[in-house]
Amino acid sequence: KAGVTQTPRYLIKTRGQQVTLSCSPISGHRSVSWYQQTPGQGLQFLFEYFSETQRNKGNFPGRFSGRQFSNSRSEMNVSTLELGDSALYLCASSGSSGRYHSGANVLTFGAGSRLTVL
Amino acid sequence: AQKITQTQPGMFVQEKEAVTLDCTYDTSDPSYGLFWYKQPSSGEMIFLIYQGSYDQQNATEGRYSLNFQKARKSANLVISASQLGDSAMYFCAMREGTHGGSQGNLIFGKGTKLSVKP
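Chains V and G are the protein sequences, given in the same order.
Read in order, the letters of the first sequence are residues 1 to 118 in our numbering.
Read in order, the letters of the second sequence are residues 1001 to 1118 in our numbering.
Treat the hints as calculated values from the structure; they're not laboratory data.
Hints should not be assumed to be uniformly reliable.
Calculated pairs, SDA-like style, for lysine to any residue (alpha carbon to alpha carbon, straight line, at most 20 angstroms) [claimed, not checked]:
no. : chain 1 : residue 1 : chain 2 : residue 2
1   : G       : Lys1003   : G       : Ser1031
2   : G       : Lys1113   : G       : Ile1046
3   : G       : Lys1070   : G       : Ile1107
4   : G       : Lys1110   : V       : Lys13
5   : G       : Lys1110   : G       : Asp1086
6   : G       : Lys1003   : V       : Ser86
7   : G       : Lys1003   : V       : Asn56
8   : G       : Lys1110   : V       : Asn59
9   : G       : Lys1110   : V       : Gly58
10  : G       : Lys1110   : V       : Leu88
11  : G       : Lys1110   : V       : Gly84
12  : G       : Lys1003   : V       : Gly58
13  : G       : Lys1003   : V       : Gln37
14  : V       : Lys57     : V       : Gly95
15  : G       : Lys1003   : V       : Lys13
16  : G       : Lys1113   : V       : Gly58
17  : G       : Lys1117   : G       : Gln1008
18  : V       : Lys13     : V       : Gly3
19  : G       : Lys1073   : G       : Thr1007
20  : G       : Lys1003   : V       : Gly95
21  : G       : Lys1110   : V       : Pro39
22  : G       : Lys1003   : G       : Asp1086
23  : G       : Lys1110   : G       : Gly1062
24  : G       : Lys1110   : V       : Phe60
25  : G       : Lys1003   : G       : Ser1074
26  : G       : Lys1117   : G       : Glu1015
27  : V       : Lys57     : G       : Gln1002
28  : G       : Lys1110   : G       : Ser1042
29  : V       : Lys57     : V       : Gln37
30  : G       : Lys1073   : G       : Pro1030
31  : V       : Lys57     : V       : Gln41
32  : G       : Lys1003   : V       : Gln41
33  : G       : Lys1003   : V       : Phe45
34  : G       : Lys1110   : V       : Gly95
35  : G       : Lys1113   : V       : Gln37
36  : G       : Lys1110   : V       : Thr38
37  : G       : Lys1113   : V       : Pro39
38  : G       : Lys1110   : G       : Glu1015
39  : V       : Lys13     : V       : Asn77
40  : G       : Lys1070   : G       : Thr1060
Small disclaimer: the values here were computed from a predicted structure and weren't measured.
Model the full structure from these sequences, guided by the hints.
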């Protein structure tokens, strides 16, 4: 069974540009979440999508947006990039066909997209 | 206030010995779940073990066990018989309640870097 696939794995942008990251969840998973990981702030929740609807959102500025398609694939977009947006962006999926463990909906993460803003 | 506290930035352990990674949490929600993830240098977050707040027994998964002390609000990860491949960052995380069905919002600690010595 294929895992969570994130593309691209690495990318370099300059300040002011925008970037789009893609995430393909595990087949059958309808929930996709995004996290930002930086050395200073650690792992921070960005947003969660379920059946094409944003279900939850973290404390990030409006420059960070996302969407989910009918096949559950998700994209996140960061506009007007700042140096502080340099980070590892992790996508995770969960769902009824995913791994249940004692009633939990375990998040399965992708390998991440490492964004460098120059 | 931090909701997940991991007080050990780095730990060393000798190969084949056991090691305990500390995690304390803070929540007023009676329903919550606690997770441990491993992040090797490749970046992917790997699920290790889960403990629900209502689970009567401590969770175990192979060489991983969770020492859950609810009154102390601690959920320490115990790795038995350490292997060189266990060298990685380890993150403790919590999901509070169900928040209208939201599954994706995990609160992560800052992590502990475990180094296994041969």
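Hints, one by one, checked against the model:
For the hint pairing Lys1003(G) with Ser1031(G), the CA-to-CA distance comes to about 15 angstroms; that is within 20 angstroms, so the pair holds. Proximity of Lys1113(G) to Ile1046(G) is assessed by CA-CA distance (about 14 angstroms); at most 20 angstroms being required, the pair is judged to hold. Our distance criterion of 20 angstroms between C-alpha atoms is met by Lys1070(G) and Ile1107(G), whose separation comes to about 18 angstroms. Annotation: proposed proximity of Lys1110(G) to Lys13(V) is violated, straight-line Cα distance about 27 angstroms (limit 20 angstroms).
With a CA separation close to 18 angstroms, the supplied pair Lys1110(G) and Asp1086(G) stays within the 20 angstroms bound. Distance check on the hinted pair: Lys1003(G) and Ser86(V) sit about 25 angstroms apart at the alpha-carbon level, beyond 20 angstroms; violated. For the proposed pair Lys1003(G) and Asn56(V), the alpha carbon gap of about 18 angstroms is at most 20 angstroms, so the pair holds. A hinted pair counts as satisfied when its Cα atoms are at most 20 angstroms apart, and Lys1110(G) with Asn59(V) qualifies at roughly 18 angstroms.
For the given pair, Lys1110(G) sits about 17 angstroms from Gly58(V) by alpha-carbon distance, which is consistent with the 20 angstroms threshold. Restraint check: the Cα-Cα separation between Lys1110(G) and Leu88(V) comes to about 15 angstroms, which is no more than 20 angstroms; the hinted pair holds. About 18 angstroms separates the Cα atoms of Lys1110(G) and Gly84(V), which keeps this hinted pair within 20 angstroms; it holds. A C-alpha spacing of about 15 angstroms is found between Lys1003(G) and Gly58(V), which places the hinted pair at or below 20 angstroms, so the restraint holds.
With a CA separation close to 17 angstroms, the supplied pair Lys1003(G) and Gln37(V) stays within the 20 angstroms bound. With a C-alpha separation of about 18 angstroms, the suggested pairing of Lys57(V) with Gly95(V) holds against the 20 angstroms cut-off. The suggested pairing of Lys1003(G) with Lys13(V) is violated, with an alpha-carbon distance near 33 angstroms, which exceeds 20 angstroms. Using a Cα cut-off of 20 angstroms, the hinted pair Lys1113(G) and Gly58(V) is violated, with the two alpha carbons roughly 26 angstroms apart.
Taking the CA atoms of Lys1117(G) and Gln1008(G), the gap is near 17 angstroms; set against the 20 angstroms cutoff, the hint holds. For a cut-off of 20 angstroms, the pair hint linking Lys13(V) to Gly3(V) is broken: about 27 angstroms separates their Cα positions. Distance check on the hinted pair: Lys1073(G) and Thr1007(G) sit about 14 angstroms apart at the alpha-carbon level, within 20 angstroms; holds. For the hint pairing Lys1003(G) with Gly95(V), the CA-to-CA distance comes to about 25 angstroms; that exceeds 20 angstroms, so the pair is violated.
A hinted pair counts as satisfied when its Cα atoms are at most 20 angstroms apart, and Lys1110(G) with Pro39(V) qualifies at roughly 9 angstroms. A threshold of 20 angstroms between alpha carbons decides the hint, and for Lys1003(G) with Asp1086(G) the separation of about 26 angstroms lies outside it, so the pair is violated. With a CA separation close to 25 angstroms, the supplied pair Lys1110(G) and Gly1062(G) exceeds the 20 angstroms bound. At most 20 angstroms may separate the alpha-carbon atoms for a hinted pair to count; Lys1110(G) and Phe60(V) meet this at roughly 19 angstroms.
For the given pair, Lys1003(G) sits about 11 angstroms from Ser1074(G) by alpha-carbon distance, which is consistent with the 20 angstroms threshold. In summary, the hint linking Lys1117(G) to Glu1015(G) is supported, as the alpha carbons are separated by about 6 angstroms, within the 20 angstroms threshold. Proximity of Lys57(V) to Gln1002(G) is assessed by CA-CA distance (about 19 angstroms); at most 20 angstroms being required, the pair is judged to hold. At roughly 18 angstroms between alpha-carbon atoms, Lys1110(G) and Ser1042(G) fall within 20 angstroms of each other, so this suggested pair holds.
Note on Lys57(V) and Gln37(V): the hinted pairing holds, with a Cα-Cα distance of about 16 angstroms set against a maximum of 20 angstroms. With a C-alpha separation of about 12 angstroms, the suggested pair Lys1073(G) and Pro1030(G) falls inside the 20 angstroms cut-off, and the hint holds. Straight-line distance between C-alpha atoms of Lys57(V) and Gln41(V) comes to about 17 angstroms, which keeps the hinted pair within the 20 angstroms bound. For the hint linking Lys1003(G) to Gln41(V), the alpha-carbon distance of about 14 angstroms falls within 20 angstroms, and the restraint holds.
A threshold of 20 angstroms between alpha carbons decides the hint, and for Lys1003(G) with Phe45(V) the separation of about 14 angstroms falls inside it, so the pair holds. Proximity of Lys1110(G) to Gly95(V) is assessed by CA-CA distance (about 26 angstroms); at most 20 angstroms being required, the pair is judged violated. Taking the CA atoms of Lys1113(G) and Gln37(V), the gap is near 15 angstroms; set against the 20 angstroms cutoff, the hint holds. Of the supplied pair hints, the one linking Lys1110(G) and Thr38(V) holds, its CA atoms being roughly 10 angstroms apart against a limit of 20 angstroms.
Of the pairs offered as hints, the one joining Lys1113(G) and Pro39(V) holds, with about 13 angstroms between alpha carbons and a cut-off of 20 angstroms not exceeded. For the suggested pair Lys1110(G) and Glu1015(G), the alpha carbons sit about 24 angstroms apart, so the restraint of at most 20 angstroms is broken. Restraint check for Lys13(V) and Asn77(V): the C-alpha separation of about 13 angstroms stays at or below 20 angstroms, so the hint holds. For the given pair, Lys1070(G) sits about 16 angstroms from Thr1060(G) by alpha-carbon distance, which is consistent with the 20 angstroms threshold.
Hint compliance for this structure: hints 4, 6, 15, 16, 18, 20, 22, 23, 34 and 38 are not met, and every other hint is.
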